[in-house]
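Novice: Listed below are the residues making up each chain.
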Amino acid sequence: GDSVTQKQGQVTLSEDDFLFINCTYSTTTYPTLFWYVQYPGQGPQLLLKVTTANNKGISRGFEATYDKGTTSFHLQKASVQESDSAVYFCALAEWGAGGYKVVFGSGTRLLVSP
Amino acid sequence: EAAVTQSPRNKVTVTGGNVTLSCRQTNSHNYMYWYRQDTGHGLRLIHYSYGAGNLQIGDVPDGYKATRTTQEDFFLLLELASPSQTSLYFCASSPDWGGDTQYFGPGTRLLVL
Numbered sequence: 001g002d003s004v005t006q007k008q009g010q011v012t013l014s015e016d017d018f019l020f021i022n023c024t025y026s027t028t029t030y031p032t033l034f035w036y037v038q039y040p041g042q043g044p045q046l047l048l049k050v051t052t053a054n055n056k057g058i059s060r061g062f063e064a065t066y067d068k069g070t071t072s073f074h075l076q077k078a079s080v081q082e083s084d085s086a087v088y089f090c091a092l093a094e095w096g097a098g099g100y101k102v103v104f105g106s107g108t109r110l111l112v113s114p
Numbered sequence: 001e002a003a004v005t006q007s008p009r010n011k012v013t014v015t016g017g018n019v020t021l022s023c024r025q026t027n028s029h030n031y032m033y034w035y036r037q038d039t040g041h042g043l044r045l046i047h048y049s050y051g052a053g054n055l056q057i058g059d060v061p062d063g064y065k066a067t068r069t070t071q072e073d074f075f076l077l078l079e080l081a082s083p084s085q086t087s088l089y090f091c092a093s094s095p096d097w098g099g100d101t102q103y104f105g106p107g108t109r110l111l112v113l
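Chains as they are written, first to last, in this note's numbering: chain A, 1 to 114; chain B, 1 to 113.
Bear in mind the hints are in silico, worked out from the structure with no lab data behind them.
Backbone N, C-alpha and C fix where the C-beta goes; we use that ideal spot for every residue, glycine too.
Check each hint, because a few of them may be wrong.
Simulated restraints on C-beta separations [to be verified]:
(1) Val12/B - Trp95/A: 36 to 42 Å
(2) Pro40/A - Ser28/B: 27 to 33 Å
(3) Gly16/B - Pro114/A: 45 to 51 Å
(4) Leu80/B - Gln81/A: 30 to 36 Å
(5) Thr13/B - Ser79/A: 42 to 48 Å
The calculated DSS-like cross-link candidates involving lysine-lysine, where the alpha carbons are at most 30 Å apart (straight line), are [claimed, not checked]:
(6) Lys77/A - Lys11/B
(7) Lys49/A - Lys68/A
(8) Lys65/B - Lys101/A
Quick look at which bits of chain B chain A covers, simulated, 3 or more residues with Cβ under 8 Å [stated by the list, open to error]:
(9) 38-46
(10) 99-105
Go ahead and model the full structure; you've got the sequences and the hints to work with.
Specialist: This is the structure:
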């Protein structure tokens with residue numbers, strides 16, 4: 001079945017470090033892909049959204065590229081700040097035979113120290 | 001900005017108890033969703049709806065019912081709660097289907113003893 005894999009459960013960085021969060025997906029279609037961010041005590045909120053029509057999403061210094069060849073949608077940021085500490089979820093959404101389907105990855109917790 | 005509210009924010013019940021979680025969105029979005037969030041699993045879709053009176057089954061529906069009474073209100077019902085349903089529950093809404101941006105509420109933490 002469809003799946004989204006985030007291998008990193010936690011990433012620990014210092015301010016101004018480069019961020020890379022791995023996300024790969026498995027599906028037979030070309031879904032819409034998302035990165036959501038969840039700050040402590042809050043619900044997730046959209047960070048990036050990319051469809052098959054636009055290969056790259058950029059927001060608040062974060063970027064992710066939709067790579068159909070490697071079925072990856074990694075999240076990157078050149079220089080993280082302490083305020084970026086949060087949980088990041090990769091997700092896909094698509095219509096299938098059984099109707100609408102959305103699959104979230106297990107999340108990657110980012111801890112940034114000053 | 002879309003506003004999604006949930007109540008209660010915290011709930012404790014006993015095994016076999018009856019629980020109703022409420023969600024209201026004030027931006028006239030067509031789609032509403034219920035998710036559960038558990039460590040190691042991310043968010044998993046329980047049920048969703050594309051309008052008042054409509055209900056669609058998600059990926060983990062067992063033990064849950066849901067009802068969309070109005071455009072704004074979506075309820076999640078646990079009629080015989082079990083400890084396995086201890087979780088953090090999120091409601092979300094979107095203007096159109098799930099390929100659209102979803103706006104999440106603040107969550108309800110449920111503990112089933």
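Novice: Indicate, hint by hint, whether the structure satisfies it.
Specialist: So, going through the hints one by one against the coordinates:
Between Val12/B and Trp95/A, the C-beta spacing of about 38 Å keeps the proposed range 36 to 42 Å intact. Restraint check, Pro40/A to Ser28/B: a C-beta distance of roughly 30 Å satisfies the suggested window 27 to 33 Å. Under the hint 45 to 51 Å, the C-beta atoms of Gly16/B and Pro114/A, about 48 Å apart, fit the expected range. For Leu80/B paired with Gln81/A, a C-beta distance near 46 Å fails the hint of 30 to 36 Å.
Against the hinted window of 42 to 48 Å, the Cβ-Cβ separation of Thr13/B and Ser79/A comes to about 46 Å, which satisfies the hint. A hinted pair counts as satisfied when its Cα atoms are at most 30 Å apart, and Lys77/A with Lys11/B does not qualify at roughly 38 Å. Proximity of Lys49/A to Lys68/A is assessed by CA-CA distance (about 15 Å); at most 30 Å being required, the pair is judged to hold. For the hint linking Lys65/B to Lys101/A, the alpha-carbon distance of about 18 Å falls within 30 Å, and the restraint holds.
Figure legend: the segment 38-46 of chain B, annotated as covered by chain A; annotation consistent (6 residues with Cβ-Cβ distances under 8 Å, at least 3 required). Only when three residues or more bring their CB closer than 8 Å to a CB of chain A does the claim for the segment 99-105 of chain B stand; here the count is 6, and the claim holds.
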